[in-house]
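Protein chains: 6
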Amino acid sequence: MRFDEAYSGNVFIRSHQNYEDSQAVLYGMPMDWTVSYRPGSRFGPTRIREVSIGLEEYSAYLDRELEDVRYFDAGDIPLPFGNAQRSLDMIEEFVEKLMADNKFPLGMGGEHLVSWPVMKTVAKKYKDLAIIHMDAHTDLREEYEGEPLSHSTPIRKIAELIGPENVFSFGIRSGMKEEFQWAKENGMHISKFEVLEPLKEILPKLAGRPVYVTIDIDVLDPAHAPGTGTVDCGGITSKELLASIHEIARSSVNVVGADLVEVAPIYDPSEQTANTASKLIREMILGWVK
Amino acid sequence: MRFDEAYSGNVFIRSHQNYEDSQAVLYGMPMDWTVSYRPGSRFGPTRIREVSIGLEEYSAYLDRELEDVRYFDAGDIPLPFGNAQRSLDMIEEFVEKLMADNKFPLGMGGEHLVSWPVMKTVAKKYKDLAIIHMDAHTDLREEYEGEPLSHSTPIRKIAELIGPENVFSFGIRSGMKEEFQWAKENGMHISKFEVLEPLKEILPKLAGRPVYVTIDIDVLDPAHAPGTGTVDCGGITSKELLASIHEIARSSVNVVGADLVEVAPIYDPSEQTANTASKLIREMILGWVK
Amino acid sequence: MRFDEAYSGNVFIRSHQNYEDSQAVLYGMPMDWTVSYRPGSRFGPTRIREVSIGLEEYSAYLDRELEDVRYFDAGDIPLPFGNAQRSLDMIEEFVEKLMADNKFPLGMGGEHLVSWPVMKTVAKKYKDLAIIHMDAHTDLREEYEGEPLSHSTPIRKIAELIGPENVFSFGIRSGMKEEFQWAKENGMHISKFEVLEPLKEILPKLAGRPVYVTIDIDVLDPAHAPGTGTVDCGGITSKELLASIHEIARSSVNVVGADLVEVAPIYDPSEQTANTASKLIREMILGWVK
Amino acid sequence: MRFDEAYSGNVFIRSHQNYEDSQAVLYGMPMDWTVSYRPGSRFGPTRIREVSIGLEEYSAYLDRELEDVRYFDAGDIPLPFGNAQRSLDMIEEFVEKLMADNKFPLGMGGEHLVSWPVMKTVAKKYKDLAIIHMDAHTDLREEYEGEPLSHSTPIRKIAELIGPENVFSFGIRSGMKEEFQWAKENGMHISKFEVLEPLKEILPKLAGRPVYVTIDIDVLDPAHAPGTGTVDCGGITSKELLASIHEIARSSVNVVGADLVEVAPIYDPSEQTANTASKLIREMILGWVK
Amino acid sequence: MRFDEAYSGNVFIRSHQNYEDSQAVLYGMPMDWTVSYRPGSRFGPTRIREVSIGLEEYSAYLDRELEDVRYFDAGDIPLPFGNAQRSLDMIEEFVEKLMADNKFPLGMGGEHLVSWPVMKTVAKKYKDLAIIHMDAHTDLREEYEGEPLSHSTPIRKIAELIGPENVFSFGIRSGMKEEFQWAKENGMHISKFEVLEPLKEILPKLAGRPVYVTIDIDVLDPAHAPGTGTVDCGGITSKELLASIHEIARSSVNVVGADLVEVAPIYDPSEQTANTASKLIREMILGWVK
Amino acid sequence: MRFDEAYSGNVFIRSHQNYEDSQAVLYGMPMDWTVSYRPGSRFGPTRIREVSIGLEEYSAYLDRELEDVRYFDAGDIPLPFGNAQRSLDMIEEFVEKLMADNKFPLGMGGEHLVSWPVMKTVAKKYKDLAIIHMDAHTDLREEYEGEPLSHSTPIRKIAELIGPENVFSFGIRSGMKEEFQWAKENGMHISKFEVLEPLKEILPKLAGRPVYVTIDIDVLDPAHAPGTGTVDCGGITSKELLASIHEIARSSVNVVGADLVEVAPIYDPSEQTANTASKLIREMILGWVK
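Protein chains in written order, with the working numbering: chain A, 1005 to 1294; chain B, 1005 to 1294; chain C, 1005 to 1294; chain D, 1005 to 1294; chain E, 1005 to 1294; chain F, 1005 to 1294.
The set of hints was computed from the structure by calculation and includes no laboratory data. None of the values given here were measured: they were computed from a predicted structure. Among the hints, erroneous ones may be present.
Copies of the same chain look alike in the list, so a pair counts if it fits in one copy or across any two.
[Stated by the list, open to error] In silico lysine-lysine, DSSO-like type, Cα no more than 30 Å apart, as pairs:
#  : residue 1 : residue 2
1  : K1243     : K1204
2  : K1294     : K1188
3  : K1243     : K1209
4  : K1243     : K1196
5  : K1204     : K1131
6  : K1204     : K1181
7  : K1181     : K1101
8  : K1128     : K1204
9  : K1294     : K1181
10 : K1243     : K1129
Please work from the sequences and hints to get the whole structure.
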């Protein structure tokens, strides 16, 4: 990581020069070992940073510039290949530091399981935390073929921790029958297929509450994000996802942390997915870090 | 094919174990020799099966699971490379058996010409058959540069066999002037550019009739299906195509067979096209095989 | 170029056989040396021509065929690699000849800077010229890191030449804060994010005026045009761009020239971008060359 | 074809301007419908021409320049998609004209079956014709799964026509047991695995004889030619193939025609195969057309 | 796996129909979770099987046909994603069954760590076992950044189990200084850079002994095997690797098991790596299963 | 650049932490605007650094580790897009600083023209400088289609500056007739096709002299380096290039600077070219920086 003298990686465009007086901390969680389909999201954070050089620093959507926010890109957490439990422990430890230092955590995956230790840690600090979850998949499994540490489980884990009624999923189009049933029976919100319109209905109900937003890039249609592990047609456009980010920015919820996961560059020779992720990160910084 | 002892191919996820007590039969028609632009759809069926492993078995759209339907994946018909006539004869012979055994034929192309022997055979059994055709192209040519066996001709052939007034095309955005004129003069329905809205108007008129649905994957915009022979912009989204499949499922037409053709995996390194086709096949099974 | 005996390139499908009695002239400007991100648009014109063989010659949108228009494809202007100024001079000289011979100039880029000498030359002939500009980017910079000859500057240059009030940009979603401010302060029209709807409002105001239309392919969402230098999500669909071309065709403005730039084939293995560009060129010919 | 007024394709670099006073004629045979594995060689000739623009016109191997030879690139023969027999007839007719006009035929495939009508026609003119065949595969089948018109059969066909003792195969590493046996029993020469060394032994024996050379690009190892239908490891390097062409050029055989087949560009994003083929064509022109 | 009724995968060409009377068993170990660089070898076995359809069944090298050997392709062992220990246990259990049933184990990876439980199990049965190891990397680490279960460790593990003097590595060109030192100090054989020539020296010394051969596809130069996790230039050709397999076949060692690992198809759009692996598997079957 | 506070790029693995006490300085020259064929080498340095993370830090060839050398990666010189002259000036200025500070310059291109200002500056310091040049191309043109600043000219420029008798080219296989003649007439050494063997003859003649080594990655056969602007078959293997680097390292010439140019990552989806370049850089550091 960048705290380390030997840091050799790149950083997101316009990253602040030091951790101490930054408001937000950007960090990568390059883990993809529990995915059940196509691996490769370990290279997501690096590629998102690399293509960030092609970004404008100004958002025509939010009329704000990157220099208006002090965010520090800490690089990737050096996760041990193939060891899921130890990886999650390291992420947790890292985010605990961010919480202690009052930093806004902005994570880049990596597979979706990395969000679990982050959300758990954020929930310790913010007692009334709600989760906004945008994804093609429910991610509500208890385990995957016997493995409780799987990329199919993070939303279930956080729902059980903070209560399913505090978790709001949007854009969901795939999952097991049992997952949808569990959500229904336990009072968890799931908006199938759509994001922006149902979000407009939910946001007012969360007014004033601390909210963590976790975005799986596959909430986008594969046309807009081919570079991901599980491509699942019938998704939303990048326009709708941008508008959803802006809708949250303009609402009265208090975003206290966020992540963007499952960018797997190798499956997208055009690099549109990494470029899109990079723009989404910019909008998340400009819209959510106050 | 899978009836053969030496079968070495894969099968679609959750395929039933035997032909005899199956309701539907899934089969590949790996022919691409008459295409005028980019070949490669011969590998469509195999790749669609391969990626089916990434599918959920439950449809959040239809609230139904694959285990609720008994479909048997028979593998690919071993078509003779470069011999169009003999290939069509073999397809015809195969579908005749399905008809005799009262199986729902669910074919995977291969180029669109493979639909012709299927539709012809289905039409023998169902006297009042109507065709629903979703495609970017009219496919109404009599021949292509002198060849009557061409991927540009199957809809013309079936229209001449069962009467143009029984053929309904949707999503069409390309063709020769003469093809559109022929359709108009002969009372054949063509909805240009759109699928879902005009389908909603036509379906009630077909209530109770046996219908065969043939879908060329290029009815989708290339953004949603880059892996096909002829990419033609201005198409529909995968969301609209899914909704169209569901609209048919909820209507009172009697779907008696269907196919999905022109998936050419090589042009799509992200594999989104094959993954999309695989999900479409799942929805066709769950929505149309009663 | 094709005037040259030794011409070895291909030409757009159905190109007229001679320059003299053609109405329009199609030409390539294979320059990409000033781009700040990904080069490769030098191969745009050649690939657009190559894939034009897959096009239907009839437009189902406009009910018109390519044989109804006499357009001559002159091939690529042999621009000197790495020399921006001399390249622009050669383009200017070429277009001056077209103006003198009363040809409709229809250019293919190449990077967007190539539009500058074309627009300048067209503006000499048509005193009341207006520019319609479709793009993801403002292209209103005065220079890029010290270079006044940059792909980020052509709209600024033409706006300063003919007056910012005569320039109308659509679909813009990226730029520097200063660029948007300059436009606002100088009375230049910018429609952010959208093209078709604002175009419908502007076109009546331009009725009867000569208009040059410059289209950067990246006005399309990367889902629809991954093969370009700078992929920027949140763009319009190819359906909307086609409709915008047709809207202009049906309006009472007098299109006197046009170009389509920034197609960089290498980033799109599916070739959908080149195929889309090829269809757009067909619609531009059929819709705008009267 | 280029004789046709409406010719829209490209031509090989430095192609002569007219057919009449040319020594050699370069032509494409864009057929790939009988291949049993991966199609796509129909686009070989066009892509070879396109990348020829990157070639030096001088050969440092042969100390000769392209302007020293008058070769006319006639473009592609417009073969009917999916009709093997009619395609072969058209090729035969075309080559008959070349023979009548005393042109050196230099063909580009397309699949290997296209060499059959060429060799047959050349054999009519040169009674003592010998064939030099470089390939990974024997191509000695009588039929492929019942089809006598298959890309696996051309060498068998010519061997039966002119006598197996007049056919010399090099670099062969794949085939059926029966094919090798047939060759052995019928006195046909097969050099397994190697090309250059055995060629040095055979060439003196052919001194003074008319020779047709047919090269399947897959004689190269896939490392050197990934863009082909059937990639088969264990092949020779491009250095060895170049040296073999030069060895023939320096020998006292009389090369009277040649072809290079099975370049399928889509499988090679680096385009090295097409670029290599383009350089091989240059060396064939400079070395063999006297 | 294929023993399972619900088996949906493909099998290697000409696989025997039942396990019981087979001599050898082919199986996939689709694990890639501990790799430190590029994942994706989980898809190796499936793709190798898929492209095996393009293979000739006859080896021109060994003059033997696949029908001469009874090998059963058991499909992939269903390894739990992201759980290295449980995966290794399942592999061990599977190979124990093969040993008990006197089958020749022929494994396909997956990452190289999968060879560890196989070699361990084979070593239990054959007390005098020697290992022939072809690889670009030493794989002699004790752990990788703290993880003892890493793709960098399998050769160390087996060397410690059966004694370093019984392990013979060839083609090695990368590793830590400490790894080379450990080998030297412990009497383990390492041939740097070359395979065939040193193998010719070692084989006589192993005459009559049971030998397990583990081949990492990256022993090949990246030119010959770009589709692997860690591409490391300076490797051997596919010709040399084929010759090495044949050298072993002709020697008097007793090959009692083998594997081929680290094929990661996604990095090789030409599929030459999978095709090469498929041919290597054929030669391993024909050469080593007596 | 990395001297700059806002540096956001990555650095080569194990790069030293400060410039001052480093022996060598690694730097990128991301320029590709004068190339006549395929651009994209501007991204070479960044990608080489990125993949360096996959390198072993120890060389099994030279028995030396990266920690044994203090090299500082200064990042990329921020060259102005499309302005060749200003770019060359900036490179010259940068290298002048390195010369003043007694650093070993180790450059990464970018196109080959970037070597010109480096060699010129090094030649100012070392009066008796010789150039060792490995390349597929002569690069001896005076200009390219009128442009004296072209990637085809750098060797001509340095030869004219220090005298052609001090320039030694190896591996050359392409160029204009005039270029070879100029070399011959002016006493410049050119070894056609081969590198290692002729190098062994030349090195003793250069004993004790200061030598700058410039390597165009396309000296490798495209099989070994598909990711470059101009792929030209018939080249050497990566094994031979590695051996050549080591031959120089073991000789008694005094290497005083070096570069590796023309890596264009986009043309190589397998990334083997960047990985190979990264290993070559490691060997150049370990072998040449004493």
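Hint check results:
{"no.": "1", "hint": "K1243 <-> K1204", "in the structure": "both (15 Å within a copy, 21 Å between copies)"}
{"no.": "2", "hint": "K1294 <-> K1188", "in the structure": "between (34 Å within a copy, 27 Å between copies)"}
{"no.": "3", "hint": "K1243 <-> K1209", "in the structure": "both (24 Å within a copy, 29 Å between copies)"}
{"no.": "4", "hint": "K1243 <-> K1196", "in the structure": "both (18 Å within a copy, 12 Å between copies)"}
{"no.": "5", "hint": "K1204 <-> K1131", "in the structure": "within (24 Å within a copy, 49 Å between copies)"}
{"no.": "6", "hint": "K1204 <-> K1181", "in the structure": "both (27 Å within a copy, 29 Å between copies)"}
{"no.": "7", "hint": "K1181 <-> K1101", "in the structure": "neither (38 Å within a copy, 35 Å between copies)"}
{"no.": "8", "hint": "K1128 <-> K1204", "in the structure": "within (27 Å within a copy, 51 Å between copies)"}
{"no.": "9", "hint": "K1294 <-> K1181", "in the structure": "between (39 Å within a copy, 19 Å between copies)"}
{"no.": "10", "hint": "K1243 <-> K1129", "in the structure": "neither (33 Å within a copy, 40 Å between copies)"}
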